[in-house]
Amino acid sequence: MSKVLLKGNEAIAEAAMRAGCKLFFGYPITPSTEIIEYLAKHLPEAGGTVLQAECEVAAINMCFGAAAAGARVMTASSSPGISLKQEGISYLAANELPVVIVNINRTGPGLGGLGPTQSDYFQSTRGGGHGDYRLIVLAPSKAQELYDLTMEAFDLADKYRNPVLILADGFLGQMMEPVLLKEKKEGNLPPKDWQTDGCKGRAKRKIASYFLVNELAEEACQRWQAKYDQIKEAEQRWESFYADDAEYLLVGYGTCGRIAKSVVLNARKQGMKLGLIRPITLWPFPVKAFTSHFDGIKGIVTVELNAGQMIEDVKLAVNCRVPVHLYKRQGGMLPHEREILKFVGQVFNLPVRGEA
Amino acid sequence: MQKVFGRPKGLTEIPFHYCPGCTHGIIHRLIGEVLEELNIIEDTIGVAPVGCAGFSLDFFSCDFVGAAHGRAQAVATGIKRALPDRIVFTYQGDGDIAAIGTSHAIHVAARGEKITSIMVNNAIYGMTGGQMAPTTLTGQVTTTSPYGRDNGVAGFPLDLPKAIATFDGAVYVASVSVDSPKNILQAKKAIKKAFRVQQAGLGFALVSILSTCPTNWGMSPVDSLKWLQEKMIPVYQMGEIKVAEEVKGL
Ligand SMILES: Cc1ncc(C[n+]2csc(CCOP(=O)(O)OP(=O)(O)O)c2C)c(N)n1
Ligand code: SF4
Ligand SMILES: [Mg+2]
Chain B
1 MSKVLLKGNE
11 AIAEAAMRAG
21 CKLFFGYPIT
31 PSTEIIEYLA
41 KHLPEAGGTV
51 LQAECEVAAI
61 NMCFGAAAAG
71 ARVMTASSSP
81 GISLKQEGIS
91 YLAANELPVV
101 IVNINRTGPG
111 LGGLGPTQSD
121 YFQSTRGGGH
131 GDYRLIVLAP
141 SKAQELYDLT
151 MEAFDLADKY
161 RNPVLILADG
171 FLGQMMEPVL
181 LKEKKEGNLP
191 PKDWQTDGCK
201 GRAKRKIASY
211 FLVNELAEEA
221 CQRWQAKYDQ
231 IKEAEQRWES
241 FYADDAEYLL
251 VGYGTCGRIA
261 KSVVLNARKQ
271 GMKLGLIRPI
281 TLWPFPVKAF
291 TSHFDGIKGI
301 VTVELNAGQM
311 IEDVKLAVNC
321 RVPVHLYKRQ
331 GGMLPHEREI
341 LKFVGQVFNL
351 PVRGEA
Chain Y
357 MQKVFGRPKG
367 LTEIPFHYCP
377 GCTHGIIHRL
387 IGEVLEELNI
397 IEDTIGVAPV
407 GCAGFSLDFF
417 SCDFVGAAHG
427 RAQAVATGIK
437 RALPDRIVFT
447 YQGDGDIAAI
457 GTSHAIHVAA
467 RGEKITSIMV
477 NNAIYGMTGG
487 QMAPTTLTGQ
497 VTTTSPYGRD
507 NGVAGFPLDL
517 PKAIATFDGA
527 VYVASVSVDS
537 PKNILQAKKA
547 IKKAFRVQQA
557 GLGFALVSIL
567 STCPTNWGMS
577 PVDSLKWLQE
587 KMIPVYQMGE
597 IKVAEEVKGL
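Protein sequence lines, in the order shown, are assigned to chains B and Y.
At position 245 of the first sequence the residue is numbered 245 (this note's numbering), and the sequence of numbers has no breaks.
At position 4 of the second sequence the residue is numbered 360 (this note's numbering), and the sequence of numbers has no breaks.
Quick caveat, the hints were computed from the structure, so don't treat them as lab data.
Any given hint could be a false lead.
[To be verified] In silico SDA-like links for lysine to any residue, alpha-carbon gap of 25 Å or less:
no.	chain 1	residue 1	chain 2	residue 2
1	B	K200	Y	E369
2	B	K206	Y	H373
3	B	K261	B	F348
[Stated by the list, open to error] Label-pair ranges, simulated between beta-carbon atoms:
no.	chain 1	residue 1	chain 2	residue 2	range
4	B	L265	Y	P440	52 to 58 Å
5	B	F122	Y	K604	53 to 59 Å
6	Y	G362	B	L189	41 to 47 Å
[Claimed, not checked] Sample of chain B residues lacking proximity to chain Y, with all beta carbon distances greater than 12 Å (derived):
no.	residue
7	A40
8	E235
9	R237
10	K261
Yeah, the Cβ is synthetic: ideal placement off N, Cα and C, and Gly gets one too.
Use the sequences and the hints to build the structure in full.
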């Protein structure tokens, strides 16, 4: 197993290849473009194909076809492109097709800018397109995790027959870090006994999501919901950092999770019992992280690069039993560790030493 | 007694749900016959549109996938790229392929995507109750052109096959009709050729088929056929619009 220096976006691309992804359909958009560029260079050597589609709508629907045919397939884009894909993502969810989708979030609304942001949290965790559906949403916080979670995303997609979204930002996508190129684990995945690849030796199959009988439509909704419940139970992931004895908690994912770790270390130096919950799955949201740590907690601050989106899930997770505050930056700006600690001190009336 | 006509093996036993006199059914039958005659039922994956043919998934005996409105050719591209040795075709209405899906229609042709597309042009949005389509004729009354299609407001009928024929990757483009026994035979020949083009791996093939919609045209089936012959055929370039050199030998 070799260790190499890769940009976050390249780590995603390399992991996809090693996970057996043979097809990539995409359309260039900063700050996700290195993914299609890296794959265009390396996937053909591995016997795969990169097709630059005419638009994101085409790309996601090409993914639909490839997944229906049984292939491992991925697409990547950034926020405006992900908006365009939403109808297609809804169809993927309805038809239960395993596709890995990467969103290197850029700021919005509109064309926005390229700086790090988490403005697509709602879009990612609430489905995003029309209809009552969920994606499995993974939120890595460093290049190694981009690699590991991308590889795992393909297994999760196949295991649950559900699209999986990897949500990161331009900071994570562009930063170079050492990555250990782990090999794919041989998992025990269900056979694709639904794929439409020609009916030789079996009955014809169809993949469709068209219901003109309400009773049948409700049955389908209940089937999907049962699957989502199963995922909620089995797949919540998070990292706890100094959370066991904490009186105050930071909650932050991705880039914010990284920054929050330094904040926790600084706070501990000052004797402040601060801890961190770093959600790794954004959907299902790691509610269990809060039930297990809850007893001694007096207050929570979510650190977000948006107007306060994840905070709603945190409030639901703790049932509003403790005060939950928001520390935010927007528009591509990153918070400084010192400012976060100062904010924690302010809202909970705690002494903070130093330049803060 | 010798059986000279029956349900082709390319079709299932499920009865069509189309309105009386609708020629979607004839087109289905022709495709079903071609799938059987070329012996490709087990190798074929069809892609259904959103439109009146949205339930065509049930009518063909090959594997079938239902795409979002307008996206059948993008979906077909994904299937074909995953399974290059299979036969992949799309079955789409004029609204599906020539309005919301136009970008894909152009780009599968430009890329020479090795798929076959069947476009059913009934000059209207049948499924949604008779609204104007890009193919609606000048002056034609629909629910969204209640005073007749006005070129000044709604532009001109879009002749998609003519445009598609200009792309290098489109190697076979034909426009046919199913209004008479003679034209039905012609249509079948074109459909068969479009599938053989794909079998030979030559490039993109499109067959546009003029079709009736008695329900939304507000006419009897017989009058519909007459209207198609008298009004539609003169507007659209008919016949084999493009037969690339490599296709001529087929
Ligand atoms: C995104 C989207 N927009 C609109 C519709 C509504 N819609 C369904 S079918 C259709 C038009 C169908 O017309 P055509 O493709 O010509 O097929 P026909 O029914 O005439 O065979 C429309 C507008 C939809 N299903 N999805
Ligand atoms: S509405 Fe028109 S196109 Fe649709 S089935 Fe009826 S006649 Fe055919
Ligand atoms: Mg139509």
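Now for the hints, and whether the structure bears them out:
no.	hint	result
1	B:K200 <-> Y:E369	holds, 19 Å
2	B:K206 <-> Y:H373	holds, 18 Å
3	B:K261 <-> B:F348	holds, 19 Å
4	B:L265 <-> Y:P440: 52 to 58 Å	holds, 54 Å
5	B:F122 <-> Y:K604: 53 to 59 Å	holds, 56 Å
6	Y:G362 <-> B:L189: 41 to 47 Å	holds, 43 Å
7	A40	holds, 14 Å
8	E235	holds, 27 Å
9	R237	holds, 30 Å
10	K261	holds, 41 Å
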